[in-house]
Amino acid sequence: MVVIKFIRFVIILIISTAVAPNFAAAADVTACIESAQNILDNPNGIKLSLDSQFLYVADTDNDRIAVLNSLTLKFSREFGKHELDGVRDIDIDPQGKLYAADTHNNRVAIYDVRHGLPHLVGELKGGLSHPVSVLAHPNGDIYVSGTWSRNVVAFRNGKVVAEANRLASPAALEASRDGRIWVSDTSEHQLLVMNPGLRIEKFHNGALLGFRGPQDFELIDDDSVIIAEKFSHRIKLVSLSDGSARVIDIGQPGKSSASIRWPSGVEYRDDILYIADSGNNRVLRCRISFK
9 MVVIKFIRFV IILIISTAVA PNFAAAADVT ACIESAQNIL DNPNGIKLSL DSQFLYVADT
69 DNDRIAVLNS LTLKFSREFG KHELDGVRDI DIDPQGKLYA ADTHNNRVAI YDVRHGLPHL
129 VGELKGGLSH PVSVLAHPNG DIYVSGTWSR NVVAFRNGKV VAEANRLASP AALEASRDGR
189 IWVSDTSEHQ LLVMNPGLRI EKFHNGALLG FRGPQDFELI DDDSVIIAEK FSHRIKLVSL
249 SDGSARVIDI GQPGKSSASI RWPSGVEYRD DILYIADSGN NRVLRCRISF K
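Just so you know, we're using this note's numbering here: the sequence shown kicks off at 9 and counts up by one.
It is worth saying that the hints were derived from the structure and are not from the lab. Beta carbons are placed, not taken as given, at the ideal position from N, Cα and C, and that holds for glycine. Misleading hints may appear alongside valid ones.
What the hints assert, rightly or not - Taking CB as the label site, the calculated pair distances span:
#1 280 with 122: 31 to 39 Å
#2 278 with 169: 30 to 38 Å
#3 125 with 174: 35 to 43 Å
#4 128 with 250: 43 to 51 Å
What the hints assert, rightly or not - Subject to a maximum C-alpha distance of 25 Å in a straight line, what follows is the list of computed SDA-like cross-link-like pairs (lysine to any residue):
#5 89 with 100
#6 210 with 149
#7 82 with 114
#8 210 with 183
With the hints as extra help, turn the sequences into a complete structure.
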């Protein structure tokens, strides 16, 4: 029987500059739960299902997609075990196709997750080396970042139609409400903003905004972003307009039940924050609100 551990975390908020009006005076994190031990091995990208009932996890060192109950984090099922190699990220389009950054196979694997058991239905290849993130954009294109090829490419109907190259270390991808593509550039400590044709329009400098080495991130609104700083073991809420940053320290660095270690994925919806706690081989589910 799977035992769900309830954990209370002390939240330390560090304000680097003046606080923007839309930021909470305090972050209220109540109870967090963690996935059971010995299920995941180096989890990275995480994504809620369209109906929010399940959390899909890129279970990197197990070479599979793990499916967890989104409320309890109880293991439900797996797929891709004999098809994926070092899978790092996932996204889902409105039609119920799941796209997996199949890193060591240098491709994006495509699964149908809405009709019966999840099954492989296609792949995207070309123009990439070591893909680590994938974005199913509302415009229908699929965007993929490659760390070894140092680029981001856009696929349409299976073919590359746009590319941004000569990037330093492109990692996570997100789409803002206006359709722009956001890219975390980990080694340069910045977030890039591109148009759908992958032309860089602006960047947000971590040195000015109070973040370093962004691995994954989640856009909350037009001004706020949650950032997973993998190598500093931190989750941050950053205001892009005035440079204020609140550090959400859930525990301290180190492998224990009261810490996060190498956080590499975040997913936020309806006051629930999911964290892929890679160094502790688990996923956390925390209720968090800003007031």
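Status of the hints after comparison with the structure:
1. Distance hint for residue 280 and residue 122: a CB-CB separation of about 22 Å, inconsistent with the stated range 31 to 39 Å.
2. Our hint of 30 to 38 Å for residue 278 and residue 169 holds, since their Cβ atoms are close to 34 Å apart.
3. Checked against the given bound of 35 to 43 Å, the beta carbons of residue 125 and residue 174, roughly 41 Å apart, stay inside it.
4. Between residue 128 and residue 250 the CB atoms are about 46 Å apart, so this pair conforms to the stated range of 43 to 51 Å.
5. Restraint check: the Cα-Cα separation between residue 89 and residue 100 comes to about 19 Å, which is no more than 25 Å; the hinted pair holds.
6. For the given pair, residue 210 sits about 21 Å from residue 149 by alpha-carbon distance, which is consistent with the 25 Å threshold.
7. About 30 Å separates the Cα atoms of residue 82 and residue 114, which puts this hinted pair outside 25 Å; it is violated.
8. A distance of roughly 14 Å separates the Cα atoms of residue 210 and residue 183; the hinted pair therefore holds under the 25 Å criterion.
Checked against the numbered hints given earlier, this structure breaks hints 1 and 7; the rest are met.
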